[in-house]
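*Asks:* These are the residues of each chain, in order.
2 protein chains.
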Amino acid sequence: MIMARDEHSVTPQSQDFSAWYNDVVFRAELVDRGPVRGSMVIRPYGYRIWELLQADLDGRIKATGHQNAYFPLLIPQSYMAREAEHVEGFAPEFFTVTHAGGKELEEPLIVRPTSETIIGEMMAKWISSYRDLPLLLNQWANVLRWELRPRMFLRTSEFLWQEGHTAHATAADAVAETMLALGFYQDVATGIAALATVPGEKTPGERFAGAERTFTIEAMMRDGRALQAGTSHFMGTNFAAAFGITFTGESGTAELCQTTSWGMSTRMIGGLIMTHGDDKGLVLPPDLAPYQAVIVPIGRGEQAQTTLTAASGLAAALQRAGIRTHVDDRPQVSPGFKFNDWEMRGVPIRLELGPRDLAAGTALMSRRLSYPQPDAAKQAIPLDAAPELLTAELAAFQAMLARRAVDFREEHTAVVDTWPEFTVAVAGGWALALHCGEQACEDEIKAETAASPRCIPLDGEPAQGTCIRCVKPSAYGKRLIFARAY
Amino acid sequence: MIMARDEHSVTPQSQDFSAWYNDVVFRAELVDRGPVRGSMVIRPYGYRIWELLQADLDGRIKATGHQNAYFPLLIPQSYMAREAEHVEGFAPEFFTVTHAGGKELEEPLIVRPTSETIIGEMMAKWISSYRDLPLLLNQWANVLRWELRPRMFLRTSEFLWQEGHTAHATAADAVAETMLALGFYQDVATGIAALATVPGEKTPGERFAGAERTFTIEAMMRDGRALQAGTSHFMGTNFAAAFGITFTGESGTAELCQTTSWGMSTRMIGGLIMTHGDDKGLVLPPDLAPYQAVIVPIGRGEQAQTTLTAASGLAAALQRAGIRTHVDDRPQVSPGFKFNDWEMRGVPIRLELGPRDLAAGTALMSRRLSYPQPDAAKQAIPLDAAPELLTAELAAFQAMLARRAVDFREEHTAVVDTWPEFTVAVAGGWALALHCGEQACEDEIKAETAASPRCIPLDGEPAQGTCIRCVKPSAYGKRLIFARAY
Chain A
1 MIMARDEHSV TPQSQDFSAW YNDVVFRAEL VDRGPVRGSM VIRPYGYRIW ELLQADLDGR
61 IKATGHQNAY FPLLIPQSYM AREAEHVEGF APEFFTVTHA GGKELEEPLI VRPTSETIIG
121 EMMAKWISSY RDLPLLLNQW ANVLRWELRP RMFLRTSEFL WQEGHTAHAT AADAVAETML
181 ALGFYQDVAT GIAALATVPG EKTPGERFAG AERTFTIEAM MRDGRALQAG TSHFMGTNFA
241 AAFGITFTGE SGTAELCQTT SWGMSTRMIG GLIMTHGDDK GLVLPPDLAP YQAVIVPIGR
301 GEQAQTTLTA ASGLAAALQR AGIRTHVDDR PQVSPGFKFN DWEMRGVPIR LELGPRDLAA
361 GTALMSRRLS YPQPDAAKQA IPLDAAPELL TAELAAFQAM LARRAVDFRE EHTAVVDTWP
421 EFTVAVAGGW ALALHCGEQA CEDEIKAETA ASPRCIPLDG EPAQGTCIRC VKPSAYGKRL
481 IFARAY
Chain B
1 MIMARDEHSV TPQSQDFSAW YNDVVFRAEL VDRGPVRGSM VIRPYGYRIW ELLQADLDGR
61 IKATGHQNAY FPLLIPQSYM AREAEHVEGF APEFFTVTHA GGKELEEPLI VRPTSETIIG
121 EMMAKWISSY RDLPLLLNQW ANVLRWELRP RMFLRTSEFL WQEGHTAHAT AADAVAETML
181 ALGFYQDVAT GIAALATVPG EKTPGERFAG AERTFTIEAM MRDGRALQAG TSHFMGTNFA
241 AAFGITFTGE SGTAELCQTT SWGMSTRMIG GLIMTHGDDK GLVLPPDLAP YQAVIVPIGR
301 GEQAQTTLTA ASGLAAALQR AGIRTHVDDR PQVSPGFKFN DWEMRGVPIR LELGPRDLAA
361 GTALMSRRLS YPQPDAAKQA IPLDAAPELL TAELAAFQAM LARRAVDFRE EHTAVVDTWP
421 EFTVAVAGGW ALALHCGEQA CEDEIKAETA ASPRCIPLDG EPAQGTCIRC VKPSAYGKRL
481 IFARAY
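Top line first, the protein sequences correspond to chains A and B.
Using this note's numbering, the letters of the first sequence correspond one by one to residues 1 to 486.
Using this note's numbering, the letters of the second sequence correspond one by one to residues 1 to 486.
Put simply, identical chains are the same to the list, so a pair is met inside one copy or across any two.
With a cut-off of at most 20 Å between alpha-carbon atoms, the simulated SDA-like pairs for lysine to any residue come out as follows:
1. Lys125 / Asp32
2. Lys446 / Tyr486
3. Lys280 / Arg404
4. Lys62 / Glu51
5. Lys280 / Pro290
Please keep in mind that the hints were generated in silico from the structure rather than gathered at the bench.
What you are looking at is a predicted structure, and each value in this text was computed from that prediction instead of being measured.
Please take these sequences and the hints and turn them into a complete structure.
*Replies:* This is the structure we're talking about:
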C-alpha cells in the first residue's frame, strides 16, 4: 500500500503561497516542466480545464458574429517593427528563427508573441469597402514570449490563448466591440470560473503596447495579489496606419479602419487555482472540473467486485445526467489514499460506495469545501436520486465558490485615503485609492510597495481629491484599484 | 452591379488541374498566402471545415480513452538527434530558433515538425509501472516543416494537425492501437469527408522516419493522383530506447515500452477539394460544409424586404433542424452573382425565394451536383416541409458524393501485369501491381513514371507472381497500389 502523506500533502497556503501553488500544479498533474527553461507541458487533467473554458468562450465569440481563422506562427521581423510602441513593448520577449531548410534566412522570423501585425497585413488586403466592415476575426493559438522568471500557467515562454482581432468603420463601433469582448471575459470569469473579477480600464502606463485604451478584468488571488485575467484593447488607427488597413466609405473617400484586439489565455487556469484552492490543494469550480464527481468503491475480496459494478452503474447514471464522473477503480491503493488524492486534485463531490451503503441503497457524499460554514460531514444519499441530487449539489457548489471569491475580495479590499493605510492595504490585498495620473508617481508607488494600478473600475463611484502618494489633485474621476500583481 | 465572370469562373479541371486547384482555394476564400514563403492563412470559410473535422475526430479519439494534452512547440536540437532515422528524415525541414530574449541561445531550438521526441521525454518521466500503461495521449497543434514547393493545404511550411502518441506494454497492444487510429482516419475520411480512401501499409521506403511499420489511408484525387490523408505508425521500441521510456512489469523486470504515433492534418481539406470539386469550383460534403444551405432572397424595391424577411424565417427553421444555413442578403450584388458565388464556393443546396415562390408557399431548390445522372433542374419545395426535406436531401447528397468518389476511384484503378499497362495506368490513375519489394526497383519506377508505391491495401486479395518492373519474384503476398502522389 502506497503511503499517502508525501504524495498528497501540499505546503500550506499560509506558510508559503508560492510553494503551495507549485505543489498543487505539479502534484495535481495539471502541468509538468518542459525541457526548455520557462516551458510548460499541459497534462490531460489541466488541458481538460482549458477545453471546457475554450468551449464556453468560443460559443460566446461565435454567437456574436465572430469567425475563427488561423494565421501563421512566424512573422517577418520587419512587420513587428512597423508600429513603434508595439515593437518596443514586445522585442525583449522575441523568439527568433534565423535558419530554415538548412540555410540562414534572409530576414529573421519572429515566433508570434501576439498577432496584430500579421493579421493587420491580411486585413489590409481583405478590406476595401465599408461593406466589408466590421471584420470580426478570432484565432485560437499558441504564442511565445521569452520569460526569465517562469511560473506555471501565469508566466511561461509559451502559452495558449484566443486572440480576437476586429476592424471597424468608426471609433465608436470599435470601442463598443472592445467592451463586448471585455463582457465575454467578465462573464466567463464570474460564470464558469467563479472568480470575483472587476472589469476596468488600465492607466496609460499599463496599456498594451500600441493600444489607445486597454480594458482588463482583475481577479484577487488568495494571497491578496491581483491577476489580470483577460484584456481587451481599442487600437484606434495605430495599426491601421502602420499596415494600411483602409476602406472606402459610403461617400467614396478612403479612411483608416479602427481596430481592436482582445485575449484570454491558459493564465486563467492559474487564476482559478489561486482563487479557490486551500491548504488541502486544488478546488475546482464544477463548470470547469474535468471530473465533477469521483466515485470510490470500497470493499475487499468478493465485495470489491460488487461495489465496483455498482459504482460503474452509478457513474453511468450520473453521466447520463450530464455529470462528468470518474470511478477510481485502482486496485493498488487504499480508499484513504483515493480520498486524499481527489481532495488534493480538487474534485467538487466525492461519493463512497461500500457494501453497507449498497445494502442501504445509498452512497456517502462529501463536498470538497463548504462555505461560509465548514461542513465536513459525509451525507448518505439515495442512489436512485443521485443524478438529481448531484446536479443540484454541483450548481450550489459553483455558486458557493463564486460567493466565497466575492466575499474574500471584499474582505481584502480597503478604501484608503492615507499613505500608511495604503501600504497596509496592498501588503495583504487591494487598495481603492485616488491617484494623480502621473507615470512618475505610479513608478514611485511601485518601487516602494510593489503595488501597481490594476484598473480604474468601470462601476467605480465618482470620487475626487488628492493623490494617495503625491497629494496632487486626483485624476480619472474615481478611485483606482492598486495591488501587487502576478 | 459587379460582373460575375471574373470572380467566379475557375480554370477548368481538365485544362489545368493545378491552376483549377489554386483558383478554387483562393476564390472560395478558403485560404490566402501568408507573408512568408510557403505559409498559409486559413480564412474563416476554410477554418470552419477544419473545426467540423476536428469535432468529429476529437470525439472518436476521446471515446476510445485517449486524453488531450499540450506539449511545447520548441524542442531542444539534441532531442531531435537521439533517434537516428528520425533526425535524418526531418532535419532538412527544420525551422531553427537561435535567439531569444535578445540573446543567442546556448542550444538551438527546433520548431516542432512532429512531437515524438519531446513527448517521448515526458513519457519516460511519467511511466514507471505496467499500471501506468497504456498511456494514451493526443495533441491538437501546429507543426512546421520547411517547404520549397508549397501548395495550399497539401504542402505548407506550417500546418495544423492532431498527433496521437501512445505507449504500451506489448508490441501486440501497440500494433492494435496503430490499427485503431487508422480506423479513426478511415471512418472520418469515408464518413464526413466522403472520400474513397484505401487503408493499407507503407512499404519500408515510404515509412515514417523512425517507425517499424507505417499505415496510411490513400485517397484518389480527380486528376488520378493519390493523396496520403492520414498515417499511423508503430514505432516498436525505437523511441522508447532513445528516450528511456521503460516500465516495471508485473514480474518486476524493467522493459522498454512499445509506442505509436498517428496524425491527420489540414491536408485533408486539400483532399476533399480535389476529390469532390468540378469545373464550377468547390463541392463540399454536407457534413463538412460551413453552410449546408444558402438562401438567396429575390425581389426589388418593397418586395426585397418581404422576401428577405421570409428568407430569415426559413433560415431560422432550417437552423432549428440542425442545418447550417446562410442567407445571402448582400444588396449590392445580383441574384445571378450570388448563384455563381455559392456554386463556386461549393454549397450543397441553394434555395431561391422570390415573390412568386413566396405567394405559392414554396422555394426553389437546386443541388450543387447530382450523380450519376446530371440534374440541373430547380425543384419547388413547400416552405413548411423544408427542414424535413433538406435534412433528407443533405444526407442523400453526402451519400452521393461518397458513391461518386468510389466509382471514380474504381474507374481509374487498373489491375496490371505488364510494364506498358503499368505506365498507362499511373499516367491517369492507380495501378494495382505486384512488386519485388526492393528499394532500388521502387526508385527506378519512380524515376521513370513519377509513381510510387502508395500502400499495400489491407484488404487486398492474396497474389503472387513476378515484379511489374524487374520480373523478380513478388513480395508482400498481394498487389500494391502505385500512383503519382501529392
